[in-house]
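K.L.:
The residues making up each chain are set out below.
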Amino acid sequence: MKLEVKNLSKTFDTKEAVKSVSFGVEAGEFLSILGPSGCGKTTLLRMLIGLITPSDGQVIKDGVDITNAPPSQRKMGFVFQNYALFENMTVLQNIEYALKIKKETKAIARETALRLIEKMGLTEHKDKKPNSLSGGQQQRVAIARTLALNPDVILFDEPMSALDVATRLALRKELKDIQKEFNTTMIYITHDQEEAFAMSDKILVMDTAVAVQLDTPENIIKHPVNDYVKNFVVENLKIKIESLSKYIGVAEGDIE
Amino acid sequence: MVTLKQKMRSLIDKGLMSKILIGIILLILIVVPIIRMLVYIDKESFENVFGSKLFVNNLINSLTSTAVATVISIVLGYLLAWAITRTDIKCKYLFTILITLPMLIPSISHGMGLIILFGNNGIITRLFGASNSIYGFWGVVIGSVLYSFPIAFIMIADILKYEDQSPYEAADVLGIPKIRQFTAITYPYIRKPMISVVFAVFTMIVTDYGVPLSVGGKFKTLPVMLYEEAVGQLNYSVGSVIGLVLLVPAIAAFLFDLFNKDKGNASYVQRSYHTKTKWRDPLGYTVVSVCSLMVILVVFSFVIQAFAKSYPRDLSFTLEHFENTFSKKGGKFLVNSILIALFTSVFGVALATTTAYLTARMQSKSSRLLHLMAIVSLAIPGLVLGLAYVIVFKKSFFYGTIAILVLVNTVHFFASPYLMIYNAFGKLNENLEEVGQILGISRPRIIFNVILPQSKYTLIEMFSYFFVNCMMTISAVSFLATSANRPISLLINQFETYNMMECAAVVALLILVINMLMKAIVYLIKKVGSKYVDKKSI
Chain A
58 MKLEVKNLSK TFDTKEAVKS VSFGVEAGEF LSILGPSGCG KTTLLRMLIG LITPSDGQVI
118 KDGVDITNAP PSQRKMGFVF QNYALFENMT VLQNIEYALK IKKETKAIAR ETALRLIEKM
178 GLTEHKDKKP NSLSGGQQQR VAIARTLALN PDVILFDEPM SALDVATRLA LRKELKDIQK
238 EFNTTMIYIT HDQEEAFAMS DKILVMDTAV AVQLDTPENI IKHPVNDYVK NFVVENLKIK
298 IESLSKYIGV AEGDIE
Chain B
2 MVTLKQKMRS LIDKGLMSKI LIGIILLILI VVPIIRMLVY IDKESFENVF GSKLFVNNLI
62 NSLTSTAVAT VISIVLGYLL AWAITRTDIK CKYLFTILIT LPMLIPSISH GMGLIILFGN
122 NGIITRLFGA SNSIYGFWGV VIGSVLYSFP IAFIMIADIL KYEDQSPYEA ADVLGIPKIR
182 QFTAITYPYI RKPMISVVFA VFTMIVTDYG VPLSVGGKFK TLPVMLYEEA VGQLNYSVGS
242 VIGLVLLVPA IAAFLFDLFN KDKGNASYVQ RSYHTKTKWR DPLGYTVVSV CSLMVILVVF
302 SFVIQAFAKS YPRDLSFTLE HFENTFSKKG GKFLVNSILI ALFTSVFGVA LATTTAYLTA
362 RMQSKSSRLL HLMAIVSLAI PGLVLGLAYV IVFKKSFFYG TIAILVLVNT VHFFASPYLM
422 IYNAFGKLNE NLEEVGQILG ISRPRIIFNV ILPQSKYTLI EMFSYFFVNC MMTISAVSFL
482 ATSANRPISL LINQFETYNM MECAAVVALL ILVINMLMKA IVYLIKKVGS KYVDKKSI
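Here the protein sequences come in this chain order: A and B. Here my numbering = 1-based position in the first sequence + 57. Here my numbering = 1-based position in the second sequence + 1.
So that you can see chain A by itself, here it is in the shape it has in the complex:
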């Protein structure tokens, strides 16, 4: 699988939300789109899945132009910020629902769903309703629901912003594990520099409506292309590390 985005733009009325953004993602890669709130990253993601029609530009997947293809025919998954689980259904029903609709036999749908539930460590929760699960468990259900249709790439719209720090840290690792296990390409939106650097193979840094740098985390630190990247990414991370290391040093001292 290879995803190419060429000059993708979106204008709402007169406001340019996304301005000629281009990038590519290789199979199995974890790409983060990093930018401040309101920079247009969610609009970009919604154009990739087809929930928003671009004003201009193309989305090409494995050489096929899918810019105007319906969302369900792109073989892409999408995890919403609020997960959007079906609250009236159990975990199992949430995961097998789409398969049943797609005319899979009942047995196959059930088997696939149960396999995913097991891999996601949700077995003991499979008959519960989503609202009785923790935020992290809900996210796993949302991912499993997406994985059930075996997508080539999964898009994440800031899925951790509603979770507490401890859960976020645990889920970061989990997400990477899932990626390895299913060998799925992932595109992940965040405004959190630390999160992007902890998980990504590549990071696309966005300023208002435009993409400014696409590179590996290492290269972005070493060679920020302009002052914006330097300030928004590098300096921010430095401040975080400095302020934390001071306390961590103290804490370690105490332990000793």
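Check the hints yourself; a few may be wrong.
[Stated by the list, open to error] List time: in silico DSS-like cross-link candidates among lysine-lysine, alpha-carbon distance up to 27 angstroms:
1. Lys157(A) with Lys457(B)
2. Lys527(B) with Lys93(B)
3. Lys428(B) with Lys186(A)
4. Lys428(B) with Lys183(A)
5. Lys287(A) with Lys297(A)
6. Lys93(B) with Lys185(A)
7. Lys93(B) with Lys183(A)
8. Lys186(A) with Lys93(B)
Note that these hints are calculated values from the structure, not bench results.
With the hints as your guide, set chain B onto chain A.
P.N.:
For chain B alone, coordinates are given in the frame of chain A:
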């Protein structure tokens, strides 16, 4: 580039065609009849009505009795709401049921209850030897209070329930005196919603003809005048002029609400209000007990009138009044009522749900217009709506059928259930349809398999709202009922006219029992449902 085809698709995606269709239905059902009625007014009848002493007299009667009744209702409603939301009295649930019982019976039966209690042969009159006649101004006021205080109670309780105590605690810490706390915190919080309540209660009373018709005697109000002119003498043009006058307070209330969206109801209450003083709970008990007793007295008056052989002479138990009622076509009309209520509930829930889906979950500029059309029926008193319908449909094949009563009731009671499901849909996760798009699940499937199941309790509440109101309404239907399609609620007035109070009491009791059954069924469904959910999710 975006092609024309895509543009068309995106328009259809937002449900434009469905919106146009629903818009046309609402236009025909709500807007057109009202305009038709207003057009019906000619200059001559306009001048006749406004120039007549009778009209001016009735107008003054309406305004004075409504003003007094509104004040009493609001004070009572406030006290009750305070007792239920701010005290620790026991049996709140039971008291709430008792207090809201009057909402299950026609307004006219409150007047009748008063006559049974305080009339010349009244239970209380005989007990205490009181001699003042209940007929007239005070009868109308007391009847109207009985009819409207539960609504005031529910609305005000809703305001008080959501008041946050944190500002008061902050004020206490800062040492701000109580009186200043009231003017600076309480008053700004309750002002707008309280004005809404006042408007709603005033409108409800001023447009009701049931109470003044039964207990007003020579004291006549505008709705009674409209009723007598239009129903009694088929003088639609005079009726329309009065209808126009009655539209004024209702439209004022509607506009006030429309432009004051901020009801002060915070959706998130940090700390609900709770202060304990020595006199708090005793006062709470006193308030709810007195009001409950009032309600019980009225209901009791129906029971004694309906089951006693010949009140007050012979109090032995009999069912002959029931037999008598049924022999006067009561059975047929009861079946009519239940059919009308059931059909209206099904049709009303379907129409309100469809409309709310289009306005709440497929938002666009056109959905705002549709929303406005859906709630505009709040501004149309049932009496006016009925008159408009009879003017439009009198000569059609439709007149005299159950269907026309179903339609007029659907419109009459449309706004509240519509708002219930509109709010419920608005609270559901906003991305559900998009999840469907991505997973390849069609919108209808998402609606029927995800959205409606999550809204099932609201749907049940809506059904019950339509049903209960259809059973008890006497306003819009009174213009459109013939001997073929008459609902049983209209028999109360008929029996009263022939001084058959026993049969009138039987009818009021039947309506009350059926509506209580409906409420009980809803309660049980909810209770069983939530138990089932709890079990499953543990």
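K.L.:
Compare the structure with each hint and give your call.
P.N.:
To see whether the hints hold, each was checked on the structure:
1. For the given pair, Lys157(A) sits about 23 angstroms from Lys457(B) by alpha-carbon distance, which is consistent with the 27 angstroms threshold.
2. Pair hint Lys527(B) plus Lys93(B) holds up; C-alpha atoms about 19 angstroms apart against a cutoff of 27 angstroms.
3. Between the alpha carbons of Lys428(B) and Lys186(A) the distance comes to roughly 18 angstroms, so the proposed pair stays at or under 27 angstroms and holds.
4. Using a Cα cut-off of 27 angstroms, the hinted pair Lys428(B) and Lys183(A) holds, with the two alpha carbons roughly 25 angstroms apart.
5. With a CA separation close to 14 angstroms, the supplied pair Lys287(A) and Lys297(A) stays within the 27 angstroms bound.
6. Distance hint between Lys93(B) and Lys185(A) is unfulfilled; the C-alpha atoms sit about 33 angstroms from each other, more than 27 angstroms.
7. With a C-alpha separation of about 39 angstroms, the suggested pairing of Lys93(B) with Lys183(A) is violated against the 27 angstroms cut-off.
8. Straight-line distance between C-alpha atoms of Lys186(A) and Lys93(B) comes to about 31 angstroms, which puts the hinted pair past the 27 angstroms bound.
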